[in-house]
Amino acid sequence: MKVDLTVNGSEHAVDVADNALLSDVLRETLGLTGTHVGCDTSQCGACTVHLNGRSVKACTVLAGQADGGDVTTIEGIANGDDLHPMQVAFRANHALQCGFCTPGMIMSAIDLVQSADGPLSAEDVRDGLEGNFCRCTGYHNIVKAVLDAQANM
Amino acid sequence: MSAETGIGASVLRKEDARFITGKGQYTDDISVFGQTHCVFVRSPHARAKINGINTDAAMAMDGVIRVFTGDELVEDGIGDLPCGWVVNSKDGTPMVSPPHPPIATSVVNYVGEPYAFVVAETLQAARDGAEAVEADFEILEAVVDTATASSSAQIHENAPNNQAYDWELGDREATDAAFAKADHVTTLDITNNRLIPNAIEPRAALGSYDAASSTYTLYTTSQNPHVERVVLALFVNVAPEANLRVISPDVGGGFGSKIFVYAEETAVIWASAKVGRPIKWRADRTESFLSDAHGRDHVTKAELALSSEGEMLGLRVKTIANMGAYLSTFSSSVPTYLYGTLMAGQYKTPAIYVETQAVFTNTAPVDAYRGAGRPEATYVVERIVETAARELNMDPVELRRKNFIPPDAFPYQTPVALEYDTGNYAASMGKALELADSDGYAARKAASETNGKLRGRGYSCYIEACGIAPSQLVISLGAGVGLFESAEVRVDVSGSVTVMTGSHSHGQGHETTFAQLVSDRLGIPFESVNVIHGDTGRSDYGLGTYGSRSIAVGGSAIDRALDKIIAKGKKIAAHMFETTEDQVEFAEGQFSYAGSNEPKPFAEIAGAAYIPAVYPLDELEPGLSEKAFYDPKNFTYPAGSYVCEVEIDPSTGVTEIEKFVAVDDFGNVINPMIVEGQVHGGLAQGIGQALLEHGIYDGDGNLSTGSYMDYAMPRATDLPDFEVDMTSTPCTHNPLGVKGCGEAGAIGSPAAVMNAITDALGVKDVPMPATPHTVWETIQQGA
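The listed protein sequences correspond, in order, to chains A and B.
With this note's numbering, letter number 16 in the first sequence gets 16, and the count goes up by one each step, no holes.
With this note's numbering, letter number 754 in the second sequence gets 907, and the count goes up by one each step, no holes.
Think of the hints as simulated: they come from the structure by calculation, not from any bench.
Wrong hints could be hidden among the right ones.
Unchecked claim - If you only want the chain A side, here are some residues facing chain B, beta carbon under 10 Å, derived: (1) His36; (2) Gly38; (3) Asp40; (4) Asn79; (5) Leu83; (6) Ala95; (7) Thr102; (8) Ser115; (9) Gly118; (10) Leu120; (11) Ala122; (12) Gly131.
To be verified - Ranges of calculated distance between the beta carbons of each label pair, as one might list FRET restraints: (13) Lys2/A <-> Val807/B: 46 to 54 Å; (14) Ser42/A <-> Pro678/B: 41 to 49 Å; (15) Lys2/A <-> Asn311/B: 53 to 61 Å; (16) Gly31/A <-> Ser857/B: 32 to 40 Å; (17) Thr885/B <-> Ser42/A: 45 to 53 Å.
Note that CB positions come from ideal geometry on N, CA and C, so glycine has one too.
Please build the complete structure, drawing on both the sequences and the hints.
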């Protein structure tokens with residue numbers, strides 16, 4: 001099937017299998033391998049991207065469901081060399097180790113902060129990131145990073 | 154050297170630049186021209202004879218290129234997956250290591266064991282092909298339970314009683330004598346729950362064969378690509394070592410599970426030559442659960458002999474360790490030399506005797522998982538010490554203080570083979586109590602009671618042996634490898650530096666820490682140092698990263714290579730100063746000579762090395778590039794004190810960790826930010842073990858916890874903020890004074906949590922994981 005996607009501001013018309021997943025299209029067709037697949041079952045959150053401004057787990061979205069949609073991946077959040085405040089905060093707070101969960105974690109965290117009604121507490125951040133696993137950091141520094149970033153977003 | 158980037162500075166990580174922008178290159182991110190895809194066909198049975206495999210239907214499917222079975226590998230001379238450490242039983246006989254073909258041939262011995270694999274044009278076609286492979290299984294009785302395995306049906310022909318070995322350590326008679334004179338004996342029957350490592354990046358492999366040069370290239374998710382290469386070449390016979398290059402690019406966490414040589418990469422690299430095209434495989438999460446080596450799974454009876462004053466006199470430990478269906482790469486060393494040797498803990502217990510019976514079951518192989526043996530040892534020692542204190546009505550802190558090896562007793566020879574070089578256990582305990590606001594505990598406990606909650610507090614004073622390991626010692630104990638590390642320091646003409654290390658970073662931040670070390674010693678900018686790892690084609694043979702060894706062994710190797718760089722730099726500088734090399738000093742990035750007021754910066758000497766105008770070439774070779782292989786003199790002994798405070802809701806059994814304090818002694822620290830991060834991660838895995846995680850097989854050997862819906866991984870809401878601090882007694886036998894920090898959190902924390910929970914409930918034991926259901930049941934039984 002033909003699917004039209006805007007990904008990180010660029011328009012793409014891709015021809016994919018009916019059962020192709022958004023994560024497959026991003027990684028295999030468009031070469032955007034920053035979106036990682038950790039569990040294939042929408043449990044781990046490593047594949048989180050934004051679809052029309054909200055975070056989704058790309059391993060559980062059919063490419064066809066995203067037809068006509070606006071997708072942002074980890075590769076698309078910096079403005080040239082200016083990193084997104086969430087990227088800056090993750091590095092500044094040592095909120096990543098192996099880096100595998102990091103793209104999904106950052107994409108979830110951005111949506112969490114952007115869609116919050118008011119300032120997030122540490123507890124809000126822990127609740128809000130429940131859909132993203134990190135096996136390296138114990139989340140301690142991720143929570144710090146998100147709280148840090150929200151001040152600059 | 155710069156205070157901002159040198160040793161001891163919390164420098165932000167170099168590697169983050171690619172990880173936060175999605176530019177990391179993990180194995181599954183790499184694609185090569187013409188690549189095919191591979192799916193493994195896995196046993197649905199825990200134990201069965203294979204009477205036949207029919208691949209015809211699969212072969213006939215669209216897109217399927219080849220279907221391979223185990224027999225084809227055997228016919229081609231592919232060997233078994235070996236276990237690299239031979240442990241002897243009490244009677245001196247070597248362990249039983251059953252045949253372990255990478256792809257099963259005549260029998261399958263655990264659910265998920267591969268018995269065929271399909272190579273196809275697309276992943277979808279490979280999956281469809283795998284569905285179409287048919288096998289005629291004759292199902293046999295499965296053995297699952299650790300405690301009863303030795304009296305169950307025999308799994309392997311060469312392993313009566315399903316026993317791999319029956320090992321001992323320590324002085325049995327002396328320990329018996331200690332118990333004979335004891336005023337009090339505390340006994341504890343405990344289990345150490347099976348864990349499934351769950352690096353978030355699943356294992357993956359991409360194998361290619363280049364017929365023109367007869368060379369193979371394997372990209373894979375390995376913590377030790379050189380070990381992978383030597384095993385595949387020497388033992389599995391995939392290719393001559395010189396013709397095989399193994400690359401571990403960015404690797405998304407390992408925690409031990411990516412040390413081992415597995416069936417999948419063996420199959421992929423072998424078959425790439427048969428198919429004549431590159432082959433890629435990535436595990437899905439259920440495959441990871443089924444086929445990654447699991448961790449822990451011990452059943453233990455421990456006895457501690459004490460005087461009435463709380464002096465620890467003797468310790469007896471008898472453990473049954475579940476090895477799973479086969480002996481994985483380093484599995485045999487885990488419940489023996491990485492376990493029994495730690496039973497002295499931080500204490501001067503004079504007599505210790507440890508027995509470990511390793512048994513086979515029809516479950517996934519069990520091998521090293523973060524801490525590997527040392528968490529299990531700490532769990533035994535710290536649970537029984539706390540239990541003894543309660544039985545003697547002593548403060549558990551006081552009992553520990555009374556028995557700590559005092560700071561002036563080092564080097565200290567334990568009764569279980571190790572010689573601790575240094576430590577100050579009372580210091581870390583003191584700091585931990587302070588951070589835990591020990592004085593305010595009574596008020597907090599009273600407040601919990603007022604709210605209908607149960608509050609408890611537990612301690613854990615762990616020690617570990619890491620910086621693995623002195624080669625000749627471990628070889629004498631059965632290891633099939635040396636455990637040194639390699640380093641090469643290549644100085645460029647301009648004075649920038651490239652470091653090739655045999656260590657491998659899969660989250661530890663070596664590109665930063667090692668650059669700090671080089672920058673500090675050579676006095677050159679941190680930004681001028683580039684660290685390369687994970688490629689057998691670029692660095693010398695090295696042993697990789699596990700056992701908290703990278704800074705202690707790999708870092709020491711770099712330090713030794715830097716010694717050689719500085720020594721040669723002095724020779725070159727001596728010619729420039731027209732003096733002798735013993736008159737040249739090197740400090741702060743400058744070579745200087747008392748007879749000259751113009752010191753030579755490092756970069757100038759680098760330039761002179763490669764533009765060899767000033768020194769005689771018959772005395773000194775041009776260039777500035779040096780190698781070192783560092784073999785540690787001893788293990789290193791990180792130790793620490795952990796305090797955990799929990800509050801339990803008796804109506805639901807839910808345990809909240811109210812406070813977790815970790816004070817660790819890692820000796821000298823290069824990058825405190827990274828070290829604290831390592832502790833956080835270890836604590837998360839240890840707390841996960843204590844409260845959440847459990848790899849469970851049902852009676853037929855089906856993995857009940859084969860997905861994230863069933864295996865409780867710690868999420869952000871499950872964990873507290875950690876209070877982490879350090880004390881320091883520098884290691885006395887390596888040049889950096891470092892001990893290693895990767896595993897401490899996972900080693901020390903389970904006992905602290907479980908001591909707190911048993912304290913809150915007023916019971917002797919609660920099995921791990923202390924899920925709400927388990928805790929609630931415990932409360933009901935007591936009510």
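Quick rundown of the hints versus the structure:
Interface restraint check: His36/A against chain B, minimum CB-CB distance 7 Å, threshold 10 Å, status holds. With a least beta-carbon distance of about 5 Å to chain B, the hint placing Gly38/A at the interface is held under the 10 Å criterion. For Asp40/A, the shortest C-beta to C-beta distance to chain B is roughly 5 Å, which falls under 10 Å, so the interface hint holds. The interface hint given for Asn79/A is violated, since its Cβ lies 12 Å from the closest Cβ of chain B, which is over the 10 Å cut-off.
Taking 10 Å as the C-beta contact cut-off toward chain B, the hint placing Leu83/A at the interface holds, the least distance being around 7 Å. For Ala95/A, the shortest C-beta to C-beta distance to chain B is roughly 9 Å, which falls under 10 Å, so the interface hint holds. Because the smallest distance between the Cβ of Thr102/A and any Cβ of chain B comes to about 5 Å, under 10 Å, the interface hint for this residue holds. Hint on Ser115/A is violated. Least Cβ distance to chain B is approximately 17 Å, over the 10 Å limit.
A distance limit of 10 Å between C-beta atoms decides the matter here; for Gly118/A the minimum to chain B is near 20 Å, and the interface restraint is violated. A least Cβ separation of about 12 Å between Leu120/A and chain B goes past the 10 Å threshold, and the interface hint is therefore violated. Hint status for Ala122/A: holds, given a least beta-carbon distance of 7 Å to chain B, under 10 Å. Interface hint at Gly131/A: satisfied, since its Cβ lies 8 Å from the closest Cβ of chain B, which is below the 10 Å cut-off.
Separation of Lys2/A from Val807/B is about 51 Å and conforms to the stated range, judged on CB atoms against 46 to 54 Å. Checking the proposed 41 to 49 Å range against Ser42/A and Pro678/B shows it holds: the Cβ atoms sit about 45 Å from each other. Separated by about 60 Å at the C-beta atoms, Lys2/A and Asn311/B satisfy the suggested range of 53 to 61 Å. A hinted range of 32 to 40 Å holds for the C-beta pair Gly31/A and Ser857/B, which are about 39 Å apart.
For Thr885/B and Ser42/A, the hinted distance range of 45 to 53 Å is satisfied, since their beta carbons lie about 51 Å from each other.
Hints 4, 8, 9 and 10 from the list above are not met by this structure, while the remaining hints are.
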